[in-house]
Amino acid sequence: MRPAAGLPRLAAPATALAPPRPAAGQHGLTAAPLQPPAPAPAPEAPGRLPTGLPALDAFLGGGLPRGQITEVCGGPSSGKATLALAACLQAIAAGGAAAWIDASAGFWPLAALEAGAPADRLLVVRTPGDMAAWRAADILLGASGAVDLVVVDLAGRASLGEGRLTRLHRLAERGGAALVVLNGRPAESASLGALVALRLRVRRRDEGADGLEVDVARHKRGPDGRAFLEPLHDPDRLRLSSTL
Amino acid sequence: MTRIACAFLPRFELALLARREGPGFWRQPAVIADLSASPALVREATPAAEQAGVCSGMTVAEARVRCGELSVHLPAPEARGQAEAQVLAALARLAPQLATDGHGAFFLGLSGMERLVRDERVYAARVEAALRPLGFAASVGIAGHPSAAWVAARRGVGPVAPGSDARFLASVPLAGLDLSEPARTLLALLGVTTAGQVVRLPRGTLGRRLGPEGERLDRLCRGELFPPETVPTAACVPRVPAAAGLDLPSPTDALEPILFLMKGLVGGLLARVAAERKALAELTIEAELEDAGRSRLVHRLSPAEPTLDVRLLVDLVRLWLERAPFADPLRSLRVVASKVAPAVARQLRLYTRRQDEGTAALDRALARLAAAFGPQAVVRPTLAPRYLPEGRVVWVEAQSGPEAPWGPRVEPPGGGPGEPGPRPWALRLLPVPEPVELTGGAPTPSAWVPGAPRLLVRRGQPPRRVLRIEAVQRRSGEWWEAPFDRSYAWVVCDGGERFWLFHDHRCGRLFLQAVAD
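Quick note, the sequences are listed as chains A and B, same order.
Note that the numbering used here numbers the first sequence so that position 117 is 117, with each residue one more than the last.
Note that the numbering used here numbers the second sequence so that position 388 is 388, with each residue one more than the last.
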């Protein structure tokens, strides 16, 4: 979804997603160093888990909400997994651990490993289907304090009963972990449920260079119907808008 | 007063052979030889071999000269270890503390058993009787010190009166000990015939004259032959794993009734384990099913750390049974505490930091995930040194415990949040490379001409307009195993979609390998 006309737009640095630049001795999947260098992140806000995308973090008041459910929507190759992986790496860099529940059996973090990301504290759980993925999330969130972030990467289109969603929400709330659900549905489709605290619609933009466009479709504890303005380095890289 | 019994099994390794070959083996001239020594030495000899002039300590070559029919056998450490375990298990019924010297002497600690061992001769007879069914003819000595008990056992004198160990050792004639011929001759020439006379010699004299054999004799006569580890302790007592089981009156395959029964069994099992101040580290479940062949299932479950928590174990059982339910109704159930570890005082946990709690929680989660989905489903990615890009990500099984990479939480430098790391693409690897086509120009990415119109065609999907092709790179190698020669490239399509393609130069076709998501 395009941001509403007239809303001020927030831009991330031009290197929110670095284009491939093969380094000597490596092949073309290696992500190049950030340029210009991203500013050092602000100290982690209470109850927030930074995503590593400064503009998005600033807009969300520090990052993804801990103890809450975040839904990231977008079609194939939209960049939703990239956003979630960035949050995982940020959690690991901050000394925690993250879990990626892979029901699609295709998660392949080669670029992250070759870029030197600390993926050794990234736990990947391969589950046979979406129902098993929810069960794995239940187990991980039930072990309070085990991980800071649980990403549920679904194979099909996400659908979940209200009861299961309530249970996951309670578990996340008790342990303080952020639960991120990657939903392959089109951006216009309905949300997972009323307990989703943050809903992001992601699509990849390419206008000469790579970029990510994020619409904040729902933000329960954030600004209501307002947008935040930062100096626009490149308006076409990372666009944020709130529809609430 | 400390009392120690020694059960001496003469010619222990030959006795193992005799158990296998039958009693007739003792009538044959045979030796156990230590071939690792240079020259090879006789370690044990049968009575028939000794009658032919062969004795322990002699070189094998000399023994063969003295006895042409001599059969030479090698030591069997594995069989010896098994036999020692059998003997220790038999002796564990008679004493709470055990030890062995590894050469056929087994020590039993009798401390605190004074009221049970009123007559030491009767006790010695009970020890001998306990080993007879195993095929060993033991002789038992009882004294206040391992050396005195060992000598008493070897000489068959039975119990040594309390407080008279030194007097007993001093009176032992050297002729009754296994000494080599040169040593025996030298000591006879010196007029030394008893252990007491050896003790009166200056310390170290015998070692200088007779070498290792003299040193050993010196230490034996002074009561210093056996090191402290041969003092019987409870650690050597073989543990019989605690187990509990029941037969179901009516076989069932329903999960909840099985878990209810399991909870009762595991609860009783843990009570027994806890009574030994231990915690359960591995639970073995043996289930007999009501099928035609009455098949038997054995499954082992390991909690993240040794535990005495019934709920946690039953929860692991639940996860396992939900993943792999019984194919037929359950007929009987048995649980065994197959591994235990010392229990840790709960109070210590009050002082552990939150990070340790987080690690422990992660360990628990790992154990539960492994039980629910199998250990291969819980992995972490590592980078492997491969030429083929698809082979560079290797998934290793995620282990719990202190050696796990996530171990304790890592605080970033300065205590604040870490520097923002790289933000690479998350990729989705296709299980099998998918053949694709690039239409409207040269078919390979390396032949791409900027500005030329082009479409990416995937089977069953609408064509996508290609904006550009990036990072073309040719890679080849691994000729020793599965040679390849490919050009990899990123194809950026309209709408920002990114596809990772390779052109296989060996077959001339284009394949889609991964998609950036």
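FYI, nobody ran anything at the bench for these hints, they're computed from the structure.
Since this is a predicted model, take the numbers as computed values, not measurements.
A couple of the hints might just be wrong.
If you want the footprint, here are the derived chain B segments under chain A, 3+ residues with CB under 8 Å [claimed, not checked]: (1) 27 to 38; (2) 162 to 170; (3) 363 to 375; (4) 379 to 385.
Computed from the model, here is a short list of chain B residues facing chain A with C-beta under 7 Å [to be verified]: (5) ALA398; (6) PRO424; (7) ALA426; (8) VAL515; (9) ALA516.
Simulated DEER-style distance windows between Cβ atoms [what the hints assert, rightly or not]: (10) B:ARG474 - A:ARG170: 20 to 30 Å; (11) A:GLY176 - B:ARG80: 51 to 61 Å; (12) A:GLY61 - B:GLU322: 32 to 42 Å.
Built from N, CA and C at the ideal position, the CB exists for glycine as well.
Hint by hint, here is what the structure shows:
Residues of the segment 27 to 38 of chain B with a Cβ under 8 Å from some Cβ of chain A number 0, which does not satisfy the need for three, so the listed coverage is violated. Chain A is given as covering the segment 162 to 170 of chain B, and this is violated because 0 residues of the stretch bring a CB closer than 8 Å to a CB of that chain, at least three being needed. Three residues within the 8 Å Cβ limit are the bar, and the segment 363 to 375 of chain B against chain A gives 7, so the coverage statement holds. Here the segment 379 to 385 of chain B counts 5 residues with a CB under 8 Å from a CB of chain A, which clears the bar of 3, and the coverage holds.
The criterion of a C-beta within 7 Å of any C-beta in chain A is met by ALA398 of chain B, whose closest approach is roughly 6 Å, and the hint holds. A hinted interface residue such as PRO424 of chain B counts as satisfied when its beta carbon comes closer than 7 Å to some beta carbon of chain A; here the least separation is about 4 Å, so the hint holds. Evaluation of the ALA426 of chain B hint against chain A yields a held restraint, the C-beta minimum of about 4 Å falling below 7 Å. Against a cut-off of 7 Å between C-beta atoms, the interface hint on VAL515 of chain B holds, since the closest Cβ of chain A lies about 5 Å away.
Among the interface hints, the one on ALA516 of chain B holds; its C-beta lies about 6 Å from the nearest C-beta in chain A, closer than the 7 Å criterion. At roughly 53 Å, the beta carbons of ARG474 of chain B and ARG170 of chain A sit outside the given window of 20 to 30 Å. Between GLY176 of chain A and ARG80 of chain B the beta carbon distance is about 57 Å. The supplied range of 51 to 61 Å therefore holds. Under the hint 32 to 42 Å, the C-beta atoms of GLY61 of chain A and GLU322 of chain B, about 40 Å apart, fit the expected range.
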